[in-house]
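As a plain string of letters, each chain reads:
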Amino acid sequence: MGNKKGQLSHRLRAFCSKPSNLLLVLFFVVLFCLSVLPLLTMLSNMFTVHIGTEKRLLGLDVGAFTWNHFQRLFSVSEWSKVNFWVPLKNSLIMASGAGILGIIIGGVVAWFVTRSNMKYKKFISSVFLFPYMMPAWTLALFWVNLFQNSKVGGGNVGMVESIFGICMPEWFVFGLFPMIIVIALHYSPFAYLLIGGILKNMDATLEESATILKASRWKIIRRITLPMVMPAVLSTFLLIFSSGFSSYTVPVFLGSSVKMFTLSTKMRALINAGYEGQGYIIAFVSIALGCFILGLNQWFTGKRKSYTTVTGKSGQVSLVNLKKANTPISIFLCVYVLFFAIMPLVSFALESVIRQPGNYSLSNMTLHFWMGTEYSAYETGMIAGILRNPTMWQALGRQVLLALVVGLIVGTCGILIGYSCARTRGSKLSHIVESMAFFPYLMPAMAFGTIYLAVATTEQFKFLFGTFALLILVAAVKFLPFASRSGINSMLQVSPEIEEAAMVVGVPWWKRMVKILFPIQKSSILSGYLLPVISVMREVALFTLLVPKPRYLLTTMLFSFNETGYSQYGSAVTLLIVLIVILINTLTNKLTGASLDKGIGG
Amino acid sequence: MKKRTLALLLACSLCLSLAACGKKDPDPTGNVENSPEQSQDQPTTPAEPATVQEKLAAAASMSNEELYAKAQEEINAGAQLDFYSTTSFAEKAAANFMADYPALDGKVIYAEIDDGETYSKLSSIIGSGVKNSADMGLTQNGADLKTYLLDEGKAYSYFPDSMKSVVPEQYQSPAVVTFINSLFIYNNKTGSINFNNVWQLTEAEWKDKVFFKDPTNETVNINFLIQLTSPEWTERMEKAYEAQYGKAWEAGEYESASYEWIDKFLKNVNYTYTSASKMATGIASGAGGNLGLFVFSKLRKVDEADRGNLTVRQFEEPIEGFAGFMYSIYATVFSDTDCPYTCALFINYLLDEAGFAGPKSWNSSQGYYSPNTSIEKPNDIEDEAYSYWAECLVVEDQEFIYDNYAKVYEFISVRVGG
Numbered sequence: 001m002g003n004k005k006g007q008l009s010h011r012l013r014a015f016c017s018k019p020s021n022l023l024l025v026l027f028f029v030v031l032f033c034l035s036v037l038p039l040l041t042m043l044s045n046m047f048t049v050h051i052g053t054e055k056r057l058l059g060l061d062v063g064a065f066t067w068n069h070f071q072r073l074f075s076v077s078e079w080s081k082v083n084f085w086v087p088l089k090n091s092l093i094m095a096s097g098a099g100i101l102g103i104i105i106g107g108v109v110a111w112f113v114t115r116s117n118m119k120y121k122k123f124i125s126s127v128f129l130f131p132y133m134m135p136a137w138t139l140a141l142f143w144v145n146l147f148q149n150s151k152v153g154g155g156n157v158g159m160v161e162s163i164f165g166i167c168m169p170e171w172f173v174f175g176l177f178p179m180i181i182v183i184a185l186h187y188s189p190f191a192y193l194l195i196g197g198i199l200k201n202m203d204a205t206l207e208e209s210a211t212i213l214k215a216s217r218w219k220i221i222r223r224i225t226l227p228m229v230m231p232a233v234l235s236t237f238l239l240i241f242s243s244g245f246s247s248y249t250v251p252v253f254l255g256s257s258v259k260m261f262t263l264s265t266k267m268r269a270l271i272n273a274g275y276e277g278q279g280y281i282i283a284f285v286s287i288a289l290g291c292f293i294l295g296l297n298q299w300f301t302g303k304r305k306s307y308t309t310v311t312g313k314s315g316q317v318s319l320v321n322l323k324k325a326n327t328p329i330s331i332f333l334c335v336y337v338l339f340f341a342i343m344p345l346v347s348f349a350l351e352s353v354i355r356q357p358g359n360y361s362l363s364n365m366t367l368h369f370w371m372g373t374e375y376s377a378y379e380t381g382m383i384a385g386i387l388r389n390p391t392m393w394q395a396l397g398r399q400v401l402l403a404l405v406v407g408l409i410v411g412t413c414g415i416l417i418g419y420s421c422a423r424t425r426g427s428k429l430s431h432i433v434e435s436m437a438f439f440p441y442l443m444p445a446m447a448f449g450t451i452y453l454a455v456a457t458t459e460q461f462k463f464l465f466g467t468f469a470l471l472i473l474v475a476a477v478k479f480l481p482f483a484s485r486s487g488i489n490s491m492l493q494v495s496p497e498i499e500e501a502a503m504v505v506g507v508p509w510w511k512r513m514v515k516i517l518f519p520i521q522k523s524s525i526l527s528g529y530l531l532p533v534i535s536v537m538r539e540v541a542l543f544t545l546l547v548p549k550p551r552y553l554l555t556t557m558l559f560s561f562n563e564t565g566y567s568q569y570g571s572a573v574t575l576l577i578v579l580i581v582i583l584i585n586t587l588t589n590k591l592t593g594a595s596l597d598k599g600i601g602g
Numbered sequence: 001m002k003k004r005t006l007a008l009l010l011a012c013s014l015c016l017s018l019a020a021c022g023k024k025d026p027d028p029t030g031n032v033e034n035s036p037e038q039s040q041d042q043p044t045t046p047a048e049p050a051t052v053q054e055k056l057a058a059a060a061s062m063s064n065e066e067l068y069a070k071a072q073e074e075i076n077a078g079a080q081l082d083f084y085s086t087t088s089f090a091e092k093a094a095a096n097f098m099a100d101y102p103a104l105d106g107k108v109i110y111a112e113i114d115d116g117e118t119y120s121k122l123s124s125i126i127g128s129g130v131k132n133s134a135d136m137g138l139t140q141n142g143a144d145l146k147t148y149l150l151d152e153g154k155a156y157s158y159f160p161d162s163m164k165s166v167v168p169e170q171y172q173s174p175a176v177v178t179f180i181n182s183l184f185i186y187n188n189k190t191g192s193i194n195f196n197n198v199w200q201l202t203e204a205e206w207k208d209k210v211f212f213k214d215p216t217n218e219t220v221n222i223n224f225l226i227q228l229t230s231p232e233w234t235e236r237m238e239k240a241y242e243a244q245y246g247k248a249w250e251a252g253e254y255e256s257a258s259y260e261w262i263d264k265f266l267k268n269v270n271y272t273y274t275s276a277s278k279m280a281t282g283i284a285s286g287a288g289g290n291l292g293l294f295v296f297s298k299l300r301k302v303d304e305a306d307r308g309n310l311t312v313r314q315f316e317e318p319i320e321g322f323a324g325f326m327y328s329i330y331a332t333v334f335s336d337t338d339c340p341y342t343c344a345l346f347i348n349y350l351l352d353e354a355g356f357a358g359p360k361s362w363n364s365s366q367g368y369y370s371p372n373t374s375i376e377k378p379n380d381i382e383d384e385a386y387s388y389w390a391e392c393l394v395v396e397d398q399e400f401i402y403d404n405y406a407k408v409y410e411f412i413s414v415r416v417g418g
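Residue numbers (the numbering used here), protein chains in the order written: chain A, 1 to 602; chain B, 1 to 418.
Some hints could be false.
Stated by the list, open to error - Listing some non-contacts, in silico: residues in chain B with all C-beta distances to chain A over 12 angstroms: (1) G78; (2) T118; (3) K146; (4) N217; (5) V312.
Claimed, not checked - Cβ pair distances, simulated, as ranges: (6) K89(A) with Y254(B): 26 to 34 angstroms; (7) E459(A) with K164(B): 20 to 28 angstroms; (8) Q394(A) with T190(B): 44 to 52 angstroms; (9) S61(B) with E459(A): 46 to 54 angstroms.
To be verified - When the alpha-carbon atoms are kept at most 27 angstroms apart in a straight line, the in silico DSSO-like pairs for lysine-lysine are as follows: (10) K81(A) with K360(B); (11) K200(A) with K214(A); (12) K267(B) with K89(A); (13) K151(A) with K207(B); (14) K259(A) with K131(B); (15) K207(B) with K81(A); (16) K107(B) with K462(A); (17) K151(A) with K360(B); (18) K200(A) with K81(A); (19) K267(B) with K81(A); (20) K259(A) with K264(B); (21) K239(B) with K407(B); (22) K164(B) with K70(B); (23) K200(A) with K119(A); (24) K259(A) with K267(B); (25) K119(A) with K515(A); (26) K259(A) with K407(B); (27) K462(A) with K549(A); (28) K200(A) with K18(A); (29) K377(B) with K407(B); (30) K264(B) with K247(B); (31) K264(B) with K81(A); (32) K18(A) with K515(A); (33) K590(A) with K515(A); (34) K511(A) with K590(A); (35) K131(B) with K462(A); (36) K259(A) with K151(A); (37) K122(A) with K259(A); (38) K264(B) with K549(A); (39) K131(B) with K89(A); (40) K89(A) with K219(A).
No lab work stands behind these hints: they were computed from the structure. Think of the CB as a built atom: it goes at the ideal place given N, C-alpha and C, for glycine as much as any other residue.
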């Protein structure tokens, strides 16, 4: 008996002697409360009667157990087809298409930037990130502004028809095609960052050895490069697929005019109409699909023994000579980024200075919406141009502060989760924590906000209601997956031998983190800090239910402007958001000597 | 070692403190009968009303001066009036209210709320005990107001005795502070349109040329369609059918003439514009002949240069059937407010000329009408009185929609998504 106690105590001591184990336990507890409990709350909502329509229809008490939501949504009926099966098909096509296209665009650009001698790398790598800094629905608006024409929608003339007289067909302007393109464009920088980060840090000796053995360039890419970046490719697909699947605003702007509904638009419609239970089942389906891909991802990464690409023995990366193709490829990519990254900004700038929509003549231009004093749009409470309005400045200050605080918290947690999961790879707890850290990403932002609103209005947590702290908490949990994926990917690449060497000479854990691991994987780790910052700067759906008033944050203010028809103010605020994110990126570059783009080869 | 112990302690304390996440409010419905404030056991003095309901009942017979004195007491005790509104004009009304009652300056806080999320958000907030969260609402969609808040005891109706003679009884409980109408408005760039009977909108020639917000995402739009299925409106739709086709409507595939119109109308609808404001500006700058059914007051959002492109069809020629629809903005006081007298004073103000027709307030815009029959629309605004619109618009009846919501919603939902 005493022996057993001694063994247990020894095992416990051994377990606690490793910081990675302690961190795992800590994150397990925190994530269980902040990520799994909301998920369980959501699951319970699928089986209970809610206040309002459901209570009245079913004649049951609020909170009573029911199978009715499942029966209605999955029975063979027109209701089921229209509210579930057809939107599911559309969502799957949209999310898969966007995932594949996003990876192709981001991966190809990342390869050219990191592994070739392409020209204008600095410009392309800097500007390629712009679409990710904009809210996805503003890109959708840009698409509509660009391609709408007198033969589709409301007959409003867009830029392409205005300038070239070309009318694009309806399927090009509205529906699945533009939805896939816009979501892919928005998330392709994500693929670029994750895949590019790995390509940059990959041990070049592997490819060099293959070259020495006379392997063809295609064979090297297929047999060495692709398998090495596969974890990042799968992670990226998972992230784009999940984001695309739960995307609400893009399908609303590009799909609803042609009756192209997705599960996310149906979820919101059902919840708003009082069919909450069915709405939450739809939310669960998107989580379940995300879990399936997450499982696939884990199965794939677990199948291989090691994804170590940074061993401490790496030499200089050799760049592929593009030869004659260099100039056309470089020019093509420059045009591409100019069109999809710079043009939206030009479009927003133009839209913010015209009084009459569609009239781009100088006589129709004004700076009233930026700095006017006399123009009074009293219906929105705006008494002047946005630069002169204290409400806007307050909202901007809150948004930036929120982004920075969340970035700091999430980035640090991401590194620690990455470290603890990578160092305890293969253990059950590591698997659980990794999955738990990813759960919030799979939950649609609207459902997540609804659940946190319910939590913040309970007796125990009412001190959080309407506070800035609640926004920090929600955003930190929601955007933790960015940092945890980035942290895990980067830590998996670092061979434990490097750390073990330091341990042998007695370097304490924190010093190993700060002096060895962080500098080696600086670019990936900085992505973990910057991605949540950028995400918070452009997030709307997560905050709409939780802000005390629509003009509390800049993005909720922006959404309010767009909803109330003040497109000029909306365009001005969008431009401001993108410029601020670029500023944050540049400041990071100046202060730390690194930035997202520079970190991967710009 | 110390650091490890600290980490373990931190983990345990987080576990214990956050485990409480799962606990729900002991009274999740927020029903006032169960709340401490409303407890039957709580001693009350007959002279001084104790509960919110009692205070509102007392407030109904008070003069504005008496209410102002009571409101000052509430404000001095630390309260502030936080109100949610789906209409942005309420903010201006609040500013005017504070200017007229200076002791309340800075204590009436407006919060805009989106139509779709109104009642899910309010039903979470009310009864939560969170201070300075929500005291009253100016909200649309009467059926949901009844379902989510009034039936659950989360909100109360209040109506002042002094206004009973000038506001029709059906608009007193809950109090209607303004009516808003949506009208058929078209782009006149290519001249007038051939539209004088709503059944024309079910014909192939109107395919994708009639614009309407997706009713499954806009409560007032679905309520209008539900109201259309009422016996009164079914009869009027049958008459319009006969006027259009020269024969009586016959039952066949459809339950009634209204259901047939809804089905065929929705097949023709173009959902390009996702908000009424965008619809107004989009139709104004879009193709000639396009017709929208959207909120009349949104014409103010259209740039002056384009505003001339829009014509309200009813002003040109009366439309057989209906010329649009009209819905109400209701004022209710929430069950856990700590300033019921201030709420009552504010509602009195909104119902009165000072509040409804104050500077830059509702009456200064097209498309807003007071239930107070003594308040008239200014002559310099191209609009008509409430009584005119009540005759030709589908006016929302809270009770009918409440009783028929699910049936018609499900009929419409499969048509919009199909």
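Each hint tested on the structure:
no.	hint	verdict
1	G78	17 angstroms, holds
2	T118	9 angstroms, violated
3	K146	10 angstroms, violated
4	N217	5 angstroms, violated
5	V312	18 angstroms, holds
6	K89(A) with Y254(B): 26 to 34 angstroms	29 angstroms, holds
7	E459(A) with K164(B): 20 to 28 angstroms	39 angstroms, violated
8	Q394(A) with T190(B): 44 to 52 angstroms	46 angstroms, holds
9	S61(B) with E459(A): 46 to 54 angstroms	35 angstroms, violated
10	K81(A) with K360(B)	48 angstroms, violated
11	K200(A) with K214(A)	23 angstroms, holds
12	K267(B) with K89(A)	22 angstroms, holds
13	K151(A) with K207(B)	13 angstroms, holds
14	K259(A) with K131(B)	43 angstroms, violated
15	K207(B) with K81(A)	24 angstroms, holds
16	K107(B) with K462(A)	22 angstroms, holds
17	K151(A) with K360(B)	39 angstroms, violated
18	K200(A) with K81(A)	47 angstroms, violated
19	K267(B) with K81(A)	18 angstroms, holds
20	K259(A) with K264(B)	15 angstroms, holds
21	K239(B) with K407(B)	24 angstroms, holds
22	K164(B) with K70(B)	22 angstroms, holds
23	K200(A) with K119(A)	17 angstroms, holds
24	K259(A) with K267(B)	10 angstroms, holds
25	K119(A) with K515(A)	34 angstroms, violated
26	K259(A) with K407(B)	22 angstroms, holds
27	K462(A) with K549(A)	17 angstroms, holds
28	K200(A) with K18(A)	30 angstroms, violated
29	K377(B) with K407(B)	37 angstroms, violated
30	K264(B) with K247(B)	18 angstroms, holds
31	K264(B) with K81(A)	20 angstroms, holds
32	K18(A) with K515(A)	18 angstroms, holds
33	K590(A) with K515(A)	21 angstroms, holds
34	K511(A) with K590(A)	25 angstroms, holds
35	K131(B) with K462(A)	9 angstroms, holds
36	K259(A) with K151(A)	17 angstroms, holds
37	K122(A) with K259(A)	42 angstroms, violated
38	K264(B) with K549(A)	40 angstroms, violated
39	K131(B) with K89(A)	45 angstroms, violated
40	K89(A) with K219(A)	36 angstroms, violated
Going down the numbered hints, you'll see the structure goes against 2, 3, 4, 7, 9, 10, 14, 17, 18, 25, 28, 29, 37, 38, 39, 40, while the others check out.
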